[in-house]
Amino acid sequence: MSLLTLPSNREEGWRWSDLSALPQLSEREPTGRVPTDLPWIACEREGPRLLFVDGRLDETRSRLGPVEIGPVDVTASDHPLARLAGRSGWRLRLGLDHAPHGLVQIVHVSTGAADHLAAQIELDVDAQASICETFIGEGWANRLTGIRLFKGSRLMLSRRLLGASGFISQVDHAQVGQGASLVVASLAAGGTDTRLDGHYALDGEAAYAEASSALLARGRQRHDANVVVRHAMPSGVSRQVWRSVADDRAACSVAARVEVARHAQKTDGEQSLKGLLLARSATINAKPELEIFADDVKCAHGATVGELDRNALFYLGSRGVSPDEARALLTRAFVADALDRIGEEEVKAAFYADVETWFAGR
Amino acid sequence: MNRPEDIDVRNREAQEAVDRASTYEWGFTSDIEQEFAPKGLNEETVRFISAKKGEPEWMLDWRLKAYRAWLGMQEVTWAKLDIPTIDFQDAYYYAEPKAKPTLASLDELDPEIRRTYEKLGIPIEEQKVLAGVEGARKVAVDAVFDSVSVATTFREELKKAGVIFLSISEAIREHPDLVRKYLGSVVPQRDNYFACLNSAVFSDGTFVYIPEGVRCPMELSTYFRINAANTGQFERTLIVADKGSYVSYLEGCTAPMRDENQLHAAVVELYAHDDAEIKYSTVQNWYPGDAEGKGGIYNFVTKRGMCAGARSKISWTQVETGSAITWKYPSCILKGESSVGEFYSVALTNNRQQADTGTKMIHIGANSRSTIVSKGISAGRSNNTYRGLVRVNGGAENVRNFTQCDSLLLGDQCGAHTVPYIEVRNPTAQIEHEATTSKISDDQLFYAMSRGLPQEEAVALIVNGFAREVLQQLPMEFAVEAQKLLGISLEGSVG
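Sequences listed follow chains A and B, in order. Using this note's numbering, the first residue of the first sequence is number 1, and each one after it goes up by one. Using this note's numbering, the first residue of the second sequence is number 1001, and each one after it goes up by one.
Where hints are given, some of them may not hold.
Unchecked claim - Stretch-level coverage of chain A by chain B, calculated; a stretch enters the list once three of its residues show a Cβ under 8 Å from a Cβ in chain B: (1) 274-280; (2) 287-296; (3) 305-315.
As the list claims (entries may be wrong) - A few chain A residues facing chain B, derived, Cβ under 7 Å: (4) 283; (5) 284; (6) 299; (7) 300; (8) 301; (9) 302.
Simulated from the structure, these hints should not be mistaken for laboratory data. Every value quoted in this text rests on a predicted model; they were computed, and no experiment measured them. Glycine included, every Cβ here is placed at the ideal spot set by N, Cα and C.
For reference, chain A alone in the conformation it holds in the complex (with noise of 0.2 Å):
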């Protein structure tokens, strides 16, 4: 991997990236250690399954169904991470109001080395899937996904980004038809740095698109995302909904966009980008911007970063509830705005697990 050329803070897109860690994870050499335990979710309907080891299929441990490797058809090619992913992986492809029985699950084991791998969606009309992607293990897991809806079909795509250490970087780019949902949660709850970019396209009429993630960061952590919202046609509706936790010296930072093209009118589109700061030395840096060309338009932000609430502290205090507790259960509801969207009862629990015991390592 001595190709790797990687952006500089000076580059607006980077401004708040640390990616001195990639060069040396990208020369080391992968251990192929799995553990025994891998993160299922126990689902009622059980769906797909596939197990990625250092970015190659595990066939014995997974589980296809409609799901197919080999080549798959996505280029981001101006982004420097998305280059490297290369131009084969996994790929699923609905047709018109087709449905994979149950949950996709894809679970990438990084064994400490540097691993690829790029995917595409393809739903077709009325089609619809969910899909979960955990991430577990040391290295760095460098993904690129494409994703495009037809009219009307519907796509959940769930992450828990749980890494121990090393990095791990996800580009998403989407296009989402007339009326089709795409909703994309992620919660980066492991001891990895992560950076994640998406590009959203609302290209057709009254379609829907979110992005919600959980960030919680300790240590020298560092979370970074990058994503634009994009509505390039009329009467589409967007919501972003990042919550950051900062404690020890970490830091979060969030750099999200929406775009109104000059015909987008009816736009709705909202973001908004909280912070928490558990620490002194921790960070949290954040950048809700808006770019409208149209004038017909309802969009708005909101971005807070402070502490908990001492109002709510004390509520909670005079109620009985021990300081303690009191501050867990607000950074807990904090932290959960952004996950009440993932449909699925089981996978929703899944993520809140994964939080518990993140809040249980402090």
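Let chain A serve as the given structure and place chain B on it in line with the hints.
Showing chain B alone in chain A's frame:
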């Protein structure tokens, strides 16, 4: 180097260029003999300016240092602006009205300049002051006509209070120690491309010093005016408020019609000691170019205030309706404990104007507070961007910031953008940011029109309501002027 016949030729050329003026309401030029620095920019130009102003050696060295640094710097490209290439060699860097005998009173002021002020619409109160009407409210005017201050009123009264209100060239001569101490202390020479250029070639500007415990007895005001064709204007303003003092400073400007684009790169530095307060208000109405975007002023301004002392306060209020390109971020460095920074802004763009404006609030001191209220109005084919930074350093406990930036779009060919940066390193900080984007609702418009207002007036009324929170912050005469300005600037944008 500068033969008289050359000067005549240049003056004639300048005059001819100006005569091509057409529709701009305030697009007139006064016929005053100019003396230009040679066209272009090199060390000689810098030396010429310094020599012309009879500056001491240290000042020349300071300028040369900036000029040499500037040569190695790059123009900024991060703003959401489409800036045509500027040929820095194709401009004059110095123009001065020919020396007149010292005036005993303002009545003796060059009638040509007086007329210019009248056309500029200097508020009635100040016109009374200029006409010497007894009992007129006191507003001190330090008029900057092109590059050199030609008149300063009320100097005596200010002197009694101990306030120093001089052109910066005079201040360099009369109070070199003060100028030397503070010049470049808030905006360092190498801060950015345009500030660096200004440091090298600034022609004139204002220096204000308010001594300890003094509340400046009047509002200080400067009228800027770009007058000679192709003369870049490089103003330098330095305001120092010593412990426990207060000053309110007004800045307003219009410029005549011009075909070539004009560059304006000013630097304003404010310095507030313990318990001092500086209120800085601007109404900016430079020529924005015609409906097709031809001509117009390029306004690249670096404005920054240093709240150095405990409980100091700096408040910026701006109404920006002019200029083809506005690049301007009046900022506050809140270093003192419990210091306060405020930024109130209305930026209106029409036709093909571009504005990228906002503020920075850098919280270093504990308990420092800041408020940002920005109202952007876009019409025609213009683009209006709010760009701001709120930073809380690790050591700054209990910082409070509230930011509100609202955008109003008039028509479907314009753009409104909001680019706020929030960087917080202390958990005790409380940072809130809100932004909305909307258009004038049909209901509001219908209601206003059903009451007999023509559409344009109805729109102006609603826009004024939208901007009210900011206009309220302006001193009264300015507020009235600013309201009218919003209406005038929107002409032709509706219906």
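*Hint check against the structure, violated hint numbers in rising order*: Failing hints: none at all.
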